[in-house]
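Model the placement of chain B on the given structure of chain A, informed by the hints.
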Amino acid sequence: MTTNILEMRSITKTFPGVKALQDVTLEVARGEIHAICGENGAGKSTLMKVLSGVYPTGTYEGDIVFENDTMTFRDIRDSEAKGIVIIHQELALSPYLSIAENIFLNNEVKGLFGLIDWNKSNSEAAKLLARVGLRENPTTKIMDLGVGKQQLVEIAKALSKRVKLLILDEPTAALNDEDSDHLLDLILHLKEQGITSIIISHKLNEIKKIADSVTVIRDGKTIETMAKGEVSEERIIKDMVGRDLEHRYPDHTPNIGEEILRVENWRAHHPQDPSRVIVDDVNLSVRRGEIVGIAGLMGAGRTEFAMSLFGKSYGTRISGKVFKNGTEIKTRSVSEAIENGLAYATEDRKQYGLNLIEDIKRNISAASLGKLAQGGLVNDNEEFKVANEYRKSMNIKSPTVLAKTGKLSGGNQQKVVLSKWIYSDPDVLILDEPTRGIDVGAKYEIYAIINRLASEGKGIIVISSELPELLGICDRIYALSEGRITGELPIAEATPEALLTLMTMEKPR
Amino acid sequence: MSETTTRPQTEPVGPPPTSKIASSLSHIITDLGKNGIFLALVAVVALFSILTIQNGQSILLRPQNISNLIVQNGYILILAIGMVMVIVAGHIDLSVGSVAAFVGAISGVFAVKMDMPWALAIVLSLLVGALVGAWQGFWIAYVGIPAFIVTLAGMLIFRGLALVVLGNSNIGSFPEEYRALGNGFLNFEIDLGGRSHIDPLTLGVGLIAVIALIVQQVRTRAGRRSYGQDVEPLPWFVAKLALVTVGVGLFALALAVFKGIPVTLIVLAILVLVYGIVTNRSVFGRHIYAIGGNRHAAELSGVKTRKVDFFIFVNMGFLAALAGLVFTARLNLAGPKAGDGFELEAISAAFIGGAAVQGGVGTIGGAIIGGLIIGVLNNGMSIMGIGIEWQQAVKGLVLLLAVAFDVFNKRRSGGR
Chain A
1 MTTNILEMRS ITKTFPGVKA LQDVTLEVAR GEIHAICGEN GAGKSTLMKV
51 LSGVYPTGTY EGDIVFENDT MTFRDIRDSE AKGIVIIHQE LALSPYLSIA
101 ENIFLNNEVK GLFGLIDWNK SNSEAAKLLA RVGLRENPTT KIMDLGVGKQ
151 QLVEIAKALS KRVKLLILDE PTAALNDEDS DHLLDLILHL KEQGITSIII
201 SHKLNEIKKI ADSVTVIRDG KTIETMAKGE VSEERIIKDM VGRDLEHRYP
251 DHTPNIGEEI LRVENWRAHH PQDPSRVIVD DVNLSVRRGE IVGIAGLMGA
301 GRTEFAMSLF GKSYGTRISG KVFKNGTEIK TRSVSEAIEN GLAYATEDRK
351 QYGLNLIEDI KRNISAASLG KLAQGGLVND NEEFKVANEY RKSMNIKSPT
401 VLAKTGKLSG GNQQKVVLSK WIYSDPDVLI LDEPTRGIDV GAKYEIYAII
451 NRLASEGKGI IVISSELPEL LGICDRIYAL SEGRITGELP IAEATPEALL
501 TLMTMEKPR
Chain B
1001 MSETTTRPQT EPVGPPPTSK IASSLSHIIT DLGKNGIFLA LVAVVALFSI
1051 LTIQNGQSIL LRPQNISNLI VQNGYILILA IGMVMVIVAG HIDLSVGSVA
1101 AFVGAISGVF AVKMDMPWAL AIVLSLLVGA LVGAWQGFWI AYVGIPAFIV
1151 TLAGMLIFRG LALVVLGNSN IGSFPEEYRA LGNGFLNFEI DLGGRSHIDP
1201 LTLGVGLIAV IALIVQQVRT RAGRRSYGQD VEPLPWFVAK LALVTVGVGL
1251 FALALAVFKG IPVTLIVLAI LVLVYGIVTN RSVFGRHIYA IGGNRHAAEL
1301 SGVKTRKVDF FIFVNMGFLA ALAGLVFTAR LNLAGPKAGD GFELEAISAA
1351 FIGGAAVQGG VGTIGGAIIG GLIIGVLNNG MSIMGIGIEW QQAVKGLVLL
1401 LAVAFDVFNK RRSGGR
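Protein sequences appear in the order of chains A and B. Quick note: the first sequence, position 428, residue 428 per the numbering used here, numbers continuous. Quick note: the second sequence, position 346, residue 1346 per the numbering used here, numbers continuous.
Since the hints were made in silico from the structure, they are not lab data. Keep in mind that the hints are not guaranteed to be accurate.
[As the list claims (entries may be wrong)] If you want the footprint, here are the derived chain B segments under chain A, 3+ residues with CB under 8 Å:
1. 1286–1299
2. 1316–1323
[Said to hold, decoys possible] Here are the simulated distance ranges between beta carbons:
3. B:W1236 - A:L402: 43 to 53 Å
4. A:N283 - B:R1225: 53 to 63 Å
5. A:P95 - B:V1407: 47 to 57 Å
6. A:K321 - B:I1149: 55 to 65 Å
7. A:G457 - B:A1153: 46 to 56 Å
Idealized CB from N, CA, C, for every residue including glycine.
Chain A with its partners taken away, still in its complex shape (with noise of 0.2 Å):
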């Protein structure tokens, strides 16, 4: 028997080939606000998941007790069923219907052989709303409310839900100061009403604000939990950080020289929402050899820097000013910014950077199709030949250049996409977590060729979200958060401590 809301024993979780969770616990106690910290990628999420029921009971060993009883959930209907409910980071409404359609998908007000009762919908509804502080009429659409109040809605939903423990997923991540702090307040209220809450966050002062006990969460581990009293940012980022540095990084001799690329006062709004600033005044600057690291969470804008600045390819009200060798130079769409001697390898090769239908030659030959055309036609036989020499400089392990590249495993695909680039013959090269998915030994090769190409001149960012990777190959580190940088470190400076301090750095207010 035990006082607390909810225990997680033992939690281990499998993917093939990675551990996402090792022997986890958490344990929370009955109203209390309980904050998750870790790093991307360190299991936050799944265990959210493992909790929420999204990966069933039977996909995890270890044991979720609930209310002192032991859980079995088929999937997030059960949970919910119990009391359970998660809100995500990308909430999980529908922009074309109204605030009491949203509340009520799925769980609708019934009257009349079986029919909706709207009515008692929209009046249930507009409870809801007032016990979470939002006057709006019930049939406002949602798409015509600002995120703030979307996450509202949200979190009337969870309580149409009976919601015991509710789950805020970096809640406040897309909101501004002012939202908020009000939704800061409404998780205390809430929490004033015997509801129980888990906020993963990274924000650390907020969890200093309003939660009761911190856990921290780091490789699939738990490494603490800490009570209030005890909660420091100093001690938070020591646990979320403190590895050993198990990866391996070729030995690298830099050898810089010149700036090449300098970005001046760089800002960028949110596309749908041209009010929010999502790159806020950024300036950085590469030279010629050198590899020049972008930290940040998720959600910094590091991503959205780099499209806003190749080609005008995120983002509205763009403004700002590019260098190159000194000489200002307009990116204005992907061509012009390709023709300038820029290449950006996008985060999402799958998405955004591979044709996954057409096979490796085509593929590598994508930007630069200029370079093998005479009159309008495409020299296969020589496209044949610049693709393969790729396949063996790049050790891309495929038997022959017509392999379709969806077949590829994720290194090779990543090595299709750099080769892509390369062959477009750039002065500077941005890659955009250039080793996410793919295993140690591919990451060694993708290391050594960013090594050669910095070596033979070239200016490279690489933006990653493994703190280690940067450390292990770049020459010097920017950290962004929020939209801004934060602070500029030489590697010699750069600790895993201190990059963490400056990406968790929020604007003054």
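Positioned in the frame of chain A, the structure of chain B alone reads:
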């Protein structure tokens, strides 16, 4: 540099052929799979050849009928060429029938009512088609309205405008040269006594075509061998070439004995050649396949996707105009009912020919074969006296089964 981590075996290694016979067989089977639609065409021709036998002779295979087959269905093939490019890029065009009717009507005004020289009338009409395509391309590429809606609107708009131009009547009596587009033949007849004659020009052209085909195939095979790629076993290769030679030879003979090479066939041959090069070898063609395969990746690789989209529809407008001219020329009539249902036949041709619904897959060759299958169905069923209602039902069923078979095949080989 000591590296103690081992790399997991990630390469896709196929099973080595256990014997020459086994590898030959696997080649033949893969070839048959890839040439599935071609075999389907052969099967359909064979089926109707038998079904139309009367008095010991197959009406389908009569020289006059074979010639008619090309001439009557030329418009589908022209439209299918443009349609396949539209579909590969991930769009659709529902307006081609109406545009064909509209341009047919306009050409009537130019050539008959305004008494323009026939060449000028044809050129201007094609230009009008391209402008219509530009109009639709603008809405689709630059305003961002889905092609389905824009071309649905176009279907209505241009059918209406065709009626406006025709002014409630038909236009007929086109100049002879114009009519040659649909009805004309290129020949040099030699009398063989009695009522039979033969055209050595056609035979000559057929011979050249066969030789060109053999040369191209041999060179491709040699080229692939020099790159170390796997090639099919020699006996099978020779057998295929022999079959194709016989097929083309008989086809040329049939045409030679009837009236020679239809002008429509010449137009088609030029289009297939040009568009084959465009889709297989040109940068523009590559861009179309890139956009269809993954639009985001294409954009981020520097492809000017909107420009490509725009020109695909300009091209479709041009080809719809050409189809309209060929059709009008053959009937010697521009009327309000022209082009009715063309779009469905063209779309069916492209899909039967192997285009994928999501885009990114599809070939000119496939579209032509798909169009021929529809043509043979049209022709064969008409000879058999099957009513139009049933013909419609059969064609719909064939489309459904063809695409289902294609989807099944792709799923089996682990594709999308």
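### Task
Just pull the numbers of the violated hints for me, sorted ascending.
2, 3, 5 and 6
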